[in-house]
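Peer 1: In the order they appear, the protein sequences are chains A and B.
Under numbering that gives the first Met the number 0, read the first sequence as residues 0 to 480, first letter to last.
Under numbering that gives the first Met the number 0, read the second sequence as residues 0 to 174, first letter to last.
To be clear, the hints were calculated from the coordinates, so they are not data collected in a lab.
Incorrect hints may have been included.
[As the list claims (entries may be wrong)] Restraint ranges, calculated between C-beta atoms of paired labels, are given here: (1) A/Asn100 - B/Glu74: 35 to 41 Å; (2) B/Ser51 - A/Ser322: 15 to 21 Å; (3) A/Arg387 - B/Gly52: 50 to 56 Å; (4) A/Thr339 - B/Ser77: 47 to 53 Å.
Just so it is clear, CB atoms sit at the ideal spot from N, CA and C, and this is done for glycine as well.
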Amino acid sequence: MSDVTATTPADGSGVDGPRPDTVLDPPLTGDSYTAPGPDGEPEGLVAETSEGPQELGRRSETEPGQLRREVGAVLRLPEGVAIDPSDIDIEQSDDETMIINMGPQHPSTHGVLRLMLELDGETVLRTKPVIGYLHTGMEKTAEELTYVQGSTNVTRMDYLAPLHNELVLSLAVEALLGVEMPPRSDWIRMLLVELNRVSSHLMWMATNGMDIGSTSMMIYGFREREMILAFFEKTTGLRMNHNFIRPGGTAADLPDGWEDDVTIICDTVLPRTDEYDELLTGQPVFRRRSEGIGTLSAEEALALSLTGPILRSTGVPWDLRRSMPYLRYDEVDFDVIVGTYGDNFDRYSIRLNEIRESIRIIRQIVEKMPAGDYRVQDKKVTPPPRGRIDESMEALIHHFKVFTEGFKVPEGEVYVAVESPRGELGCYLVADGSPKPYRMHIRGPSFVNLQGLPLMMRGGLLADAVAVCSSVDPVMGEVDR
Amino acid sequence: MSPDAATDVVAEPTGASASGGGSSRAPGRPAQEVVFPTRQQYEAVVGEYKDSGFEMCADLCGVDYLGHPGRRLPEGVSPERFEVVVNLLSLSQARRVRIRVQVPETDAEVATLFELYPGVEAMEREAFDLFGIDFVGHPDMTRILLPEDWEGHPLRKDYGVGRVPVQFKEAPGPR
Numbered sequence: 000m001s002d003v004t005a006t007t008p009a010d011g012s013g014v015d016g017p018r019p020d021t022v023l024d025p026p027l028t029g030d031s032y033t034a035p036g037p038d039g040e041p042e043g044l045v046a047e048t049s050e051g052p053q054e055l056g057r058r059s060e061t062e063p064g065q066l067r068r069e070v071g072a073v074l075r076l077p078e079g080v081a082i083d084p085s086d087i088d089i090e091q092s093d094d095e096t097m098i099i100n101m102g103p104q105h106p107s108t109h110g111v112l113r114l115m116l117e118l119d120g121e122t123v124l125r126t127k128p129v130i131g132y133l134h135t136g137m138e139k140t141a142e143e144l145t146y147v148q149g150s151t152n153v154t155r156m157d158y159l160a161p162l163h164n165e166l167v168l169s170l171a172v173e174a175l176l177g178v179e180m181p182p183r184s185d186w187i188r189m190l191l192v193e194l195n196r197v198s199s200h201l202m203w204m205a206t207n208g209m210d211i212g213s214t215s216m217m218i219y220g221f222r223e224r225e226m227i228l229a230f231f232e233k234t235t236g237l238r239m240n241h242n243f244i245r246p247g248g249t250a251a252d253l254p255d256g257w258e259d260d261v262t263i264i265c266d267t268v269l270p271r272t273d274e275y276d277e278l279l280t281g282q283p284v285f286r287r288r289s290e291g292i293g294t295l296s297a298e299e300a301l302a303l304s305l306t307g308p309i310l311r312s313t314g315v316p317w318d319l320r321r322s323m324p325y326l327r328y329d330e331v332d333f334d335v336i337v338g339t340y341g342d343n344f345d346r347y348s349i350r351l352n353e354i355r356e357s358i359r360i361i362r363q364i365v366e367k368m369p370a371g372d373y374r375v376q377d378k379k380v381t382p383p384p385r386g387r388i389d390e391s392m393e394a395l396i397h398h399f400k401v402f403t404e405g406f407k408v409p410e411g412e413v414y415v416a417v418e419s420p421r422g423e424l425g426c427y428l429v430a431d432g433s434p435k436p437y438r439m440h441i442r443g444p445s446f447v448n449l450q451g452l453p454l455m456m457r458g459g460l461l462a463d464a465v466a467v468c469s470s471v472d473p474v475m476g477e478v479d480r
Numbered sequence: 000m001s002p003d004a005a006t007d008v009v010a011e012p013t014g015a016s017a018s019g020g021g022s023s024r025a026p027g028r029p030a031q032e033v034v035f036p037t038r039q040q041y042e043a044v045v046g047e048y049k050d051s052g053f054e055m056c057a058d059l060c061g062v063d064y065l066g067h068p069g070r071r072l073p074e075g076v077s078p079e080r081f082e083v084v085v086n087l088l089s090l091s092q093a094r095r096v097r098i099r100v101q102v103p104e105t106d107a108e109v110a111t112l113f114e115l116y117p118g119v120e121a122m123e124r125e126a127f128d129l130f131g132i133d134f135v136g137h138p139d140m141t142r143i144l145l146p147e148d149w150e151g152h153p154l155r156k157d158y159g160v161g162r163v164p165v166q167f168k169e170a171p172g173p174r
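Required output: the full structure, derived from the provided sequences and hints.
Peer 2: This is the structure:
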């Protein structure tokens with residue numbers, strides 16, 4: 000790398016091999032900070048941003064197994080057929096292709112997603128998502144928080160559908176506790192998560208419009224979403240990261256007049272979905288940019304564990320609300336929207352129509368909302384109501400203990416999944432009998448769905464890569480956790 | 000539906016009713032089916048479940064039982080430090096099965112499921128990254144969430160919390 004320093008062996012450290020440029024090297028103080036590798040490692044700024052083996056390597060340096068995976072040949076072949084090496088080698092050699100880096104700061108990657116693309120001209124040959132730029136160790140944090148505090152943590156994972164995250168944790172804790180929930184709390188939860196689904200899909204319509212070049216869609220999407228966030232603020236106190244759905248019910252009852260607010264939201268958003276139809280669905284530019292782009296077959300989607308609108312776009316009618324109902328979804332009437340071709344346009348249509356279905360569900364919830372408790376009346380789990388604290392010392396102590404020590408959850412392990420706007424959102428919870436989870440794992444749908452990118456982008460144009468990435472709808476907070 | 004090749008596979012419904020307390024399960028929540036193969040049986044057992052209609056591997060994660068050795072396990076399963084937990088999903092039967100395989104600390108490796116379910120690719124990398132469990136045969140066994148030069152596996156129970164200096168490459172040392 001630098002022959003100049005090799006000629007001047009001044010410092011005694013560089014006995015074998017050329018010592019890296021000493022000016023750039025910071026003084027090494029701690030044990031954990033190792034010097035750059037002795038032989039030809041990237042240095043300086045390159046080293047700081049390099050992820051090494053996590054990146055997309057040159058074709059000639061990549062092992063056949065990994066190369067096969069990256070080009071998606073593993074999935075294109077029927078089972079039992081040996082892979083023909085020419086399948087992956089017929090393409091250009093290294094000097095005819097180019098590896099470019101997209102992200103992590105690219106505006107179209109929805110956060111800090113970094114894509115490395117191998118291009119032949121404008122055609123994408125291989126793609127590798129490099130993730131982890133938003134990793135904050137939330138699963139480790141969850142082990143340090145009590146079950147009561149847990150929902151403040153998980154709500155920050157998928158920040159576009161925070162209520163779904165709170166819901167899945169609460170359902171897992173309640174499954175381990177074995178408490179039976181009062182009906183009203185279930186219906187309140189359903190109302191909130193369906194509103195959240197509408198707001199999340201609206202946000203997706205907005206950002207997808209922006210990615211494809213329809214900036215008016217962006218304005219409209221944000222405008223409608225704002226109505227729902229305003230209702231959330233009125234109900235939960237916060238626009239996002241609500242910590243409203245908690246183990247044992249919800250934090251409070253719905254505010255007075257919630258029926259009117261929700262009805263206004265439904266009456267406003269539903270006709271506006273027809274406006275989106277006019278704006279996008281029939282528009283030739285939009286259709287040509289989405290039809291037949293990023294196609295996927297049902298077998299490939301199942302093999303890659305893709306869920307949510309991506310799986311449904313391939314024609315598989317799989318929706319956890321219908322197939323494995325939780326809460327009271329078996330008591331409401333709605334349709335599962337499926338596509339046919341598994342392309343970007345199908346995924347767009349599914350999300351647009353899911354907004355309509357969610358509004359249909361919300362209207363039924365408004366009609367069917369029962370009276371009763373909004374949280375379970377189990378003294379172990381639920382803090383005493385505010386009024387009791389003023390008059391009873393025991394209630395005060397009890398309240399204090401629930402929020403400082405938390406409640407104990409019996410030993411056991413459970414996996415619970417709900418249908419988030421992005422797919423199957425699962426929570427694997429291990430309890431050891433203490434007030435803190437022994438292990439909490441969240442199966443983030445975006446994390447898994449990103450695996451579909453290399454397959455969906457292969458053979459497409461670079462300009463479509465942005466559209467494909469957008470149609471997967473990744474939320475990086477959930478991918479990296 | 001229990002595979003016949005693995006004889007000491009134990010199907011045990013756990014969940015709320017099995018975890019004590021005497022309270023009844025919430026309605027509409029089916030009992031959860033759990034299978035405990037050994038490491039040698041693991042791949043074959045998962046393969047048989049795949050053949051019997053479990054089309055999707057919904058989830059795969061690791062658990063470190065260092066601080067909780069006396070956990071409830073069925074007869075004949077000897078507890079080890081690590082566990083790999085796989086959640087398979089059958090769309091046709093609307094059914095889930097959970098596979099828990101014990102992985103010893105001294106030899107923390109287990110066969111990959113990549114050939115059966117290519118969708119475990121990122122999940123196995125995540126388990127490797129956070130627990131240091133090696134999945135033999137995985138095409139790209141690198142860290143996924145943490146930087147490639149990170150030291151240790153943070154979700155292990157003996158990994159410290161909070162008082163570790165940030166280990167990004169070329170960062171200045173603690174003052």
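Peer 1: Can you list which hints this structure breaks, lowest number first?
Peer 2: Hint 1 alone not satisfied by this model.
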